[in-house]
Amino acid sequence: MGQTLSEPVVEKHTTSGGDSRVIYGASEMQGWRITLPNIGFISVSVVVHSTIMSVVCSSTPISFKTAIGLWKSCDPRSLNYWCLATLFADFHHDVHTFNRNYSGAAVAKYCGQNLHKKVLADPSFAEKDYKTALKDGFLNIDQDLREDKEFANDSSGCTAVVALISEDNRVLVSNAGDSRAVISTHGKCKPLSYDHKPVNRTESSRIVAAGGFVEFGRVNGNLALSRAIGDFEFKQNSSLPATEQIVTANPDIIEHKLGDEDEFMIIACDGIWDCKTNQEAVDFVRAGLGEKKTVEEICEELMDDCLAPNSEIGGVGCDNMTVVIVGILNGKTEDEWYNWMASRCQSAIAKKAEQDKAKQNELAQDQNQDQSDVSIFYFPSSQAYAFLS
1 MGQTLSEPVV EKHTTSGGDS RVIYGASEMQ GWRITLPNIG FISVSVVVHS
51 TIMSVVCSST PISFKTAIGL WKSCDPRSLN YWCLATLFAD FHHDVHTFNR
101 NYSGAAVAKY CGQNLHKKVL ADPSFAEKDY KTALKDGFLN IDQDLREDKE
151 FANDSSGCTA VVALISEDNR VLVSNAGDSR AVISTHGKCK PLSYDHKPVN
201 RTESSRIVAA GGFVEFGRVN GNLALSRAIG DFEFKQNSSL PATEQIVTAN
251 PDIIEHKLGD EDEFMIIACD GIWDCKTNQE AVDFVRAGLG EKKTVEEICE
301 ELMDDCLAPN SEIGGVGCDN MTVVIVGILN GKTEDEWYNW MASRCQSAIA
351 KKAEQDKAKQ NELAQDQNQD QSDVSIFYFP SSQAYAFLS
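For the sequence shown, UniProt numbering assigns the number 1 to the initial residue and increments by one for each residue that follows.
To be clear, the hints were calculated from the coordinates, so they are not data collected in a lab.
Treat the hints loosely; a few may be bogus.
As a list, the in silico DSSO-like pairs of lysine-lysine whose alpha-carbon atoms are at most 27 Å apart [unchecked claim]:
id	residue 1	residue 2
1	K293	K197
2	K332	K351
3	K188	K293
4	K188	K131
5	K293	K190
6	K257	K190
7	K257	K131
8	K292	K188
9	K351	K276
10	K276	K292
11	K332	K257
12	K357	K292
13	K352	K190
14	K12	K276
15	K357	K188
16	K190	K351
17	K276	K188
18	K293	K332
19	K332	K188
20	K190	K128
21	K357	K276
22	K257	K128
23	K257	K117
24	K293	K12
25	K149	K117
26	K276	K257
27	K190	K131
Build out the structure end to end from the sequences listed, making use of the hints.
Right under this line is the structure:
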């Protein structure tokens with residue numbers, strides 16, 4: 001069946017964890033795709049009172065075991081730390097057709113093992129200039145891949161979205177591609193990243209200036225993304241810096257100051273965002289929390305909800321799916337956070353139900369009023385003729 005199976009694979013790979021500032025659930029599912037390139041995992045390490053949490057998508061099926069081993073080997077109890085959550089998704093090995101061939105994930109795997117190291121090693125990180133450290137991390141790992149002989153004939157690439165929580169409660173999200181991060185603030189969604197598509201004005205301007213073109217919404221008629229790590233066939237203009245190539249790994253970075261009303265972040269690949277708007281995803285998570293479900297359970301249910309009933313509806317709901325939900329504890333214990341979220345979500349659900357009921361009653365009253373305003377005159381046929389005569 002081309003790029004899809006005759007039946008979806010709904011088995012899920014799920015993990016969870018946390019420390020004194022955040023909890024997380026992460027899960028991925030193959031769905032209708034013939035392969036599962038987005039094997040997500042959490043890797044955690046502690047470096048100079050810093051906790052690094054990476055959520056990575058690669059092709060290694062034992063990644064979750066490796067991640068749990070890393071988590072258990074760490075001491076996450078440090079009070080002075082920052083947290084780095086990373087999602088690498090949609091690694092792609094593009095051929096010159098309109099379809100992406102998911103045949104290898106070398107770039108995504110390499111990034112999963114090394115991007116956080118690049119961020120930490122950057123001199124700007126020690127100076128707490130996290131935006132520069134994140135930008136340099138993306139560009140430096142891209143350059144490392146270019147210079148590594150093992151990747152000389154590798155044309156694959158991957159998207160990446162990184163959420164860094166600093167010691168002073170700032171969230172900095174660094175993004176290249178169309179994976180996405182959002183945050184829920186008292187139930188209202190705030191985007192923490194924006195998709196990089198070739199049709200965007202700033203993206204198409206850079207593409208054309210670098211000698212490329214946009215056709216059928218794709219870079220050179222091929223790649224559906226305008227920023228990615230790897231994809232070096234689109235980075236061949238030797239007269240331009242890395243940030244100005246047809247496709248660049250240069251990330252956009254959005255900063256958000258955490259407050260008491262911030263509830264959770266959602267980090268996911270386009271298999272989720274093709275099916276849900278940002279607010280719909282937030283609403284779905286809050287509904288699950290209102291039913292006292294765990295974040296990992298909600299991750300799994302979100303993917304099931306996005307899964308297409310069949311593979312003949314144009315691709316929406318037929319992609320691989322990877323999603324991470326990061327609960328922001330704000331000084332609460334895990335149990336306290338779950339109870340807090342359940343209470344406020346249940347209240348919101350009840351309030352919405354009341355509003356919906358009020359609207360239905362108002363609509364019914366309007367309909368009754370409309371009917372009472374209509375006068376109907378009926379004449380039996382014989383009387384009508386007499387009346388007309």
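Has the given pair, K357 with K292, been kept, meaning a C-alpha gap of at most 27 Å?
holds (24 Å)
Mind checking the alpha carbons of K293 and K197 for me, to see if they're no more than 27 Å apart?
violated (35 Å)
Assess, step by step, whether the Cα of K257 is no farther than 27 Å from the Cα of K131, and give holds or violated.
Given pair K257, K131 holds - Cα atoms ~14 Å apart, limit 27 Å.
Checking one constraint from the list: CA of K257 to CA of K117, max 27 Å. Satisfied?
holds (24 Å)
Quick one, are K276 and K188 close enough, alpha carbons at most 27 Å?
At roughly 15 Å apart (the allowed maximum being 27 Å), K188 and K276 satisfy the hint.
Next pair to validate is K332 with K257; report whether the Cα-Cα distance is within 27 Å.
It holds: about 18 Å lies between the C-alpha atoms, which stays within 27 Å.
Does K351 lie within 27 Å of K190 when you go C-alpha to C-alpha?
holds (22 Å)
Would the pair K293 and K190 pass a check requiring their Cα atoms to be no farther apart than 27 Å?
holds (23 Å)
Given the proposed pairing of K190 with K131, does the C-alpha separation stay at or below 27 Å?
Satisfied, since the Cα-Cα distance of roughly 19 Å is no more than 27 Å.
Mind checking the alpha carbons of K357 and K276 for me, to see if they're no more than 27 Å apart?
holds (25 Å)
Straight-line alpha-carbon gap K351 to K276, limit 27 Å
Given that 27 Å is the threshold and the Cα spacing comes to 23 Å, the pair holds.
Need the status of pair K257, K190: alpha-carbon distance at most 27 Å?
holds (12 Å)
Of the numbered hints stated above, the single one contradicted by the structure is hint 1.
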